[in-house]
Structures are given as C-alpha cells and as structure tokens.
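As you go down the protein sequences, you meet chains A and B in turn.
Residue numbers for the first sequence follow the numbering used here, so the first one is 31 and each next one is one higher.
Residue numbers for the second sequence follow the numbering used here, so the first one is 704 and each next one is one higher.
Keep in mind that the hints are not guaranteed to be accurate.
[Stated by the list, open to error] Computed from the model, here is a short list of chain B residues facing chain A with C-beta under 8 Å:
#1 S747
#2 F927
#3 L934
#4 L936
#5 L937
#6 D940
#7 G946
#8 V947
#9 D992
#10 A1033
Everything labelled a hint here was simulated from the structure, so no lab data went into it.
Keep in mind it's a predicted model, so treat the numbers as computed, not measured.
Note that the Cβ used here is the ideal one computed from N, Cα and C, for glycine as well.
Next come the chains, spelled out residue by residue.
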Amino acid sequence: MGKTIQLNNLSFAYNERQILKALNLVIGRKTFLSIIGPNGSGKTTLLKNIARNLKPTDGGILIDQRALETYGSAELAREMAVVHQQTDIGAAFTVHDVVMMGRNPHLTRFQQENAHDRQIADQAMQWTSVDHLKERLINEISGGERQRVMIAKALAQEPTLLLLDEPTSFLDIHHQIEILELLKKLNQEKGISVIAVIHDLNLAARYSQEVLLLHQGKVLALGATEKVMTAANLEQAYHMEMIIDRNAYTGSLQVCPVSLRQRKSRTQCIHVIGGGGMGKEVIQRLHQDGWQVSLGVVNKGDSDAELARRLGMTIIEEEPFSDIQATTLHSAGIAANKAMAVILTSIPIGRGNLANIQMAMEQQKSGKTVIHYNTYLPDVDFDYVKGEGARLLEEMALAGMESTNDLDQLMAQLEAMAHEAEA
Amino acid sequence: MRQTHRRSLIFTGLMGVLIMAVVLAASVGAAAIAPGDVLRVIASYLPWLGDRVDVSSVSLAHESILLHIRLPRIALAFLVGGSLSVAGSAMQGMLKNPMADPFIMGTSSGAALGAAVAIVLRLNQSLLGFGAVSMMAFAGALLATSIVYRLARIGGRVPVTALLLAGIATGQFFTAILSFLMVIASRDVNSIVYWTLGSLSSRGWQHVGLVVLPALFGTAVLMFHSRDLNLLLLGEDTAANTGVPVERVKRVLLITSTLMTAFMVSVSGIIGFVGLIVPHATRFFTGPDHRFLIPASGLAGGIFLIVADTLSRTVIAPTELPVGILTAMAGAPFFIYLLRRSKKIS
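Next up, chain A with everything else stripped away, as it sits in the complex (with noise of 0.2 Å):
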C-alpha cells in the first residue's frame, strides 16, 4: 500500500506570480508527512498540484512512476482521495449520502450501489467514528463532525494515499487531537500514505513521521520531523526565533516561538539570579527586549540555565546538586559587576544557594541597582534556611532594594536606567 510521490521541476505560477519555484522531491511510501511553512508559502498549491486540482505550469509529478496526468479521473480518485479545507455544504444530504459517494470511482455511469459498497461505506463511517450521524444532514452537524464525514467519505474511495488541506483549521483542540489521532491509525494500521498541510507546527511534529517545509515556493528541508524540524529552519521559514525541545508529556518536539527576530539590540547587560524556573520569565523578556544577560550562579542542567544557553547568553554554573564554591560565585560576582543592574528573581532559597542572595547583597552594598523580582506567594515557604534567606531579603529592602512583581513595570525602570545612564 501507498504510492511514492515525486516531483520533476514543478513549477506553478498564478497570473505570472510564480507559487511553486522548481520543486524536485520524492515522498516515499506508507509515510505521514506534513507540509508546513508560512503563510504565502505555497503549501496548499503543492498539494493541489499532486491532488491534480491545479496543473503545474512547468515540470510534472509522478504517481509510482508514473505521470499523474495519464491518470483518469475515476482511476486517480482510487488511488487518491483529497479533504480540502472546510467549505460549507449547502446541500441537505445526509452524512450516509455524503459517505456513499466515496464509491463513485468504483462504480461506472449505469451501475447502482451494492452491499459491497455499503459495507465499505459503513467501514468508513465505523473509523472515523461518525456512524451514528448516518442519518443526520450534512449542514447540520458540528464542524468536527464534519471533517470526519469528509474523511469517511475519502476513506470510501479505498484509497492508497490520502491528502489533507489543514484538517484541524477550524477545530478546537479536542477536535484537533482526534482528527490527528485517526490519521495516524489510518496511516499505521491501514498503511494508507497521509500527507496533510498542517499549520500547527507542534501538531506536525507530534503526528507526522517525516516533514516537508516550504519556504517562499521553494522546498527548505524534507526529511524525518526531527531533522527537519530545527531550530536555524524555522527560524530561516518563519522569521522567528525558536526554542526547539521536547515536551515532558508526549516526548514529542515542542516549538516555542520565543521572539520575532526584529528586536532592539542594546549594549549594556542585565544580571539575573535565577534557578529552579523561577528566572525563565524574566530571561526570555530581557531577551525580548534585547538585552545581554548574564546568569548565575545556576546548577547544570537547571531548566533556568537550559533557557539561556539556548538564547545564547552568559552562564555561571555550578556542578548539579552540589554547594555554590567560592570560585564560582567569584566568576559570577565579576559577570554582576559588569552589568547595569542586578535582578533577583524569587527563588527558593536554600543552604546550597544562599550565597547567591550574599552576593546580591555586596553588590547592593557596592552600590549597584538591585532589583527583586518578586513572585513569592504569600502562603508558601521559600526559604528552607529557617529564616536566614528571608532576613536577607529585608535587610536589603531596608537598604533600599525595590520590589516588584509586576514585570512591565521591571523592564520600564531598566529602560530608564539605560536612558539616564546614556544621558
């Protein structure tokens, strides 16, 4: 089961303005690849052009070998059945209707439909779960129900590739999930060849075995989602800067879109002691904002110094689980020096990193800008050193170290820090 794909020179243009620039590309059998890429891309032409809906304007595409225009139209529609993205149906038939003229490839001009049919239109409607609605209208159900009828409708053709056009658009992600579910069981347990342009890119990455992404009608990689599906490629497609990891739920590649590239670059650098998450927030909008940060004194592998390394910043860690050596806080005292001000997010302080709070201290003595970040909660204890980390914290207050949980408002008072600092 399943067709191989391949695309010579592909090339489609409308109205002169050129979509599909030269395409060469094999998709292989039995595969679940999703075309994603920005908007404007070209990732609905592509799959209009293997779905023969539009002819290329140069160059061809081969269906196993062979020209998709030798095909004829019942032929092809048992070979490839095509759910475009959702329009309305305007026509009252029922979704048993709708379903049964999945068979029409099968049948020629004089012939009615038999058992054999209405079994496999029944199979289709068991699959994708709709065959309770058999009887209802096909404008009067949900837009979920709906896009199942379409598939079922598409699985009646007994076809061997089937093509999508964003089936989730349009759904909530209940919906979503589902749709996705059913195309990889259709894709697994039938070896039904899926491709789907998909505009979630988490949705691709977590359902799709192989990617293809477009970029301004030219392919930018195709090949297996993890390899595809990288940080400096996405950032090339989209514009955007990309935070690639893996989810702690699916284990599936998660894509955090993190800024649009486009962003102030300043000089002066901000020094944030984090750890434990609790500087992840501050972290991304300095950067944001285009700072240079500086971090630490962190743990390896704390998901705080994870974030900066990603975005490229300044680290000083510490060993995993081990004490904060005189060292260490040596380094990151130097990297505090240099910055324009310090932030002390609000972290859970224990034997281990109180001396990063000692450090804030000095520099607060020093006379460099301290400023907490505060998002203690009021109930919970963060301070397992009985006391000791809490009564930093005030003596600091009272030395005048400001407080805020309000994180605008943080990166207003640096931005006229910088101004004055400039003036």
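Got chain A sorted already, so can you dock chain B onto it with the hints?
Okay, now just chain B, sitting in the frame of chain A:
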C-alpha cells in the same frame, strides 16, 4: 430503508396527480367532456387495453377534440414543463446557484430575438410543418448560448461566475436588440410580446413529435450524470478528486440542458419560472439527491404546466392567456412562500 420508502411514496403520489391532471385538463374547456369519456378514449389507444374498451358512447366530436386538440396540447405541456424543470435542476446543481434556471445561458433572449426577426421579416416558410418563427427561435437560442459559452471559457475551463456573468451580459445585449426591433417595427409588437410570453395554443402532434426525443434523451443524459451532480454540490475540487471529470461533465450538462431548452422554447415560446421554481419545490420534498430529484422534478414540472395551461385557456375563456403569465403569477408567490418557510433551499 426509510428513504427508499419515502421516495416511492413521492413517486407514486406524483404519478397519481399526473393522471388526475391529464384527465381534468382533457375534460374542461369550451366543450365539457366527462372524465369517464376521457379515460375511455385514452384507454382505447393503449396497446393492451384498447380492444376491451367500448368508446361507442363517446361522441365523434368529443373524440376528435380530445385526439386532435386537447391531448397533444397536454402531452406538449407535460414535455415542455418537464424538460424545463429537469434542465433547471441540472443547472442549479451544476452551478451550485439557487437562482440558476434553464435560461441561464441566454437561451430565452436568443430565442426571443430569433422569433422577433422572423415575425418582423414576415418569414412564412415552413419546414416539415414547423414555422419559420420556431426555427429562427431555435437558431437564436443556439447562437446566444454559444456566445455565452465562448465568453465564459477561460483556458479550457468554464468557471461558474464567468458563466453567470456572460449569461447576464449576453442576455441583456440580445434583449436590447429585441427592444430596438420592437421600436422600429411597432406594428409587430403585439405578436412579438405574445410569443415571448409563451403559449401552447393550437399546437398539435407534430410539435409533440419534435420535442419528444429531445425531452426523453436529454432527461436520460442528465439522469446518467446524477452522481456527478451530487458530487459537484460538494465543490468542484472534491468532485474532481472523487472521480468526476469536472470540466467534461459540465460541458455535457450545459450542452444537453441548453439543447433541450432550445427545442422547448422553439415550440412554446418563453415560459418562465417553471425551470426555476419547480426544481426548488421538488427539492424541498425529495432532498438534493439528483438521482431522485431529476425524475421527480420532471414529473412535477410536467404536471405544473398541464395545470397552468388548462387554467390559461379557461380562466377568461374564450380568450386565452399566454401561459407564461400564469406560471409567473402562480410561481413567484409560491417561490417566496418556499423561501420563507425553509432555509433548506440551496
């Protein structure tokens, strides 16, 4: 299945109504003929029943009126009404447009202009019993539709919007020429207007003979494309991906409906509204499945025109109204009623 049951019920109902309409239409008029006599005369011409029916009780005059005046007219009304409805159903399905009708391709304005030219030029020639007006109307219809088709064809495809716009533009152009003709040849205005309103008055078996094959053959061709029409309602792309050679099917449907319509118009003049309303009204009962919608709207359209034509010759007898006036008068309010009652019309 419930659906099958419902369908046979509707079909049986339509057949029953058709028989009643035929009998009623044949009995009323200047000479009132008893429905029993009508049935007897009809039965005597049926192959198997013929010998068992006694028609001696029916007067010769009545039999002659039935055979030479009323029955051909009823048959013609049935074929014209049926064909216009069948063509209308196909056009509405193919174009996915509820305002489409058999005249969408400019058929009516072309035919009207052709007929007007024949009337103004006093063309009296006839061929095989058909007057020049009929022939010119047919030619005009074909001319207009071929212009529309050529205008609407863009790179081997016929997009729906282009077709609708080309139909409107060409129709307006032909109507303008027609108006011009009517202004300069003012003494013929009456005849031209009368023709464009449509009438089945004084038509005989030769007219039935002319349209019976186009009606049956055209209906058959459209019915063979029922499944394609159903799929076209899901969108042209989806239809193409389900094995419908979309452009070829559209071409066949357009040519078939247009030819059917042109034949009907050439014998009856322009009978409006039938091809628009009857498909809608039928769809309201049958649903959108063309395998059933096409034959059902054919029957319904035939019945509708038989009734309308009977009214047209009886309401203000002895004067005959052009039947097109009646179809519009009855059709428009009914159409509005349907629109308001249901959103299912599509």
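Checked hints:
1. S747: violated (36 Å)
2. F927: Holds, because the Cβ-Cβ distance from F927 of chain B to chain A comes to roughly 5 Å (cut-off 8 Å).
3. L934: holds (6 Å)
4. L936: With a closest approach of 4 Å, the L936 of chain B hint holds.
5. L937: holds (6 Å)
6. D940: holds (5 Å)
7. G946: With Cβ-Cβ at 3 Å, under 8 Å, it holds.
8. V947: holds (6 Å)
9. D992: This interface hint holds because 6 Å falls under the 8 Å limit.
10. A1033: violated (25 Å)
This entry does not satisfy hints 1, 10, going by the numbered hints stated previously.
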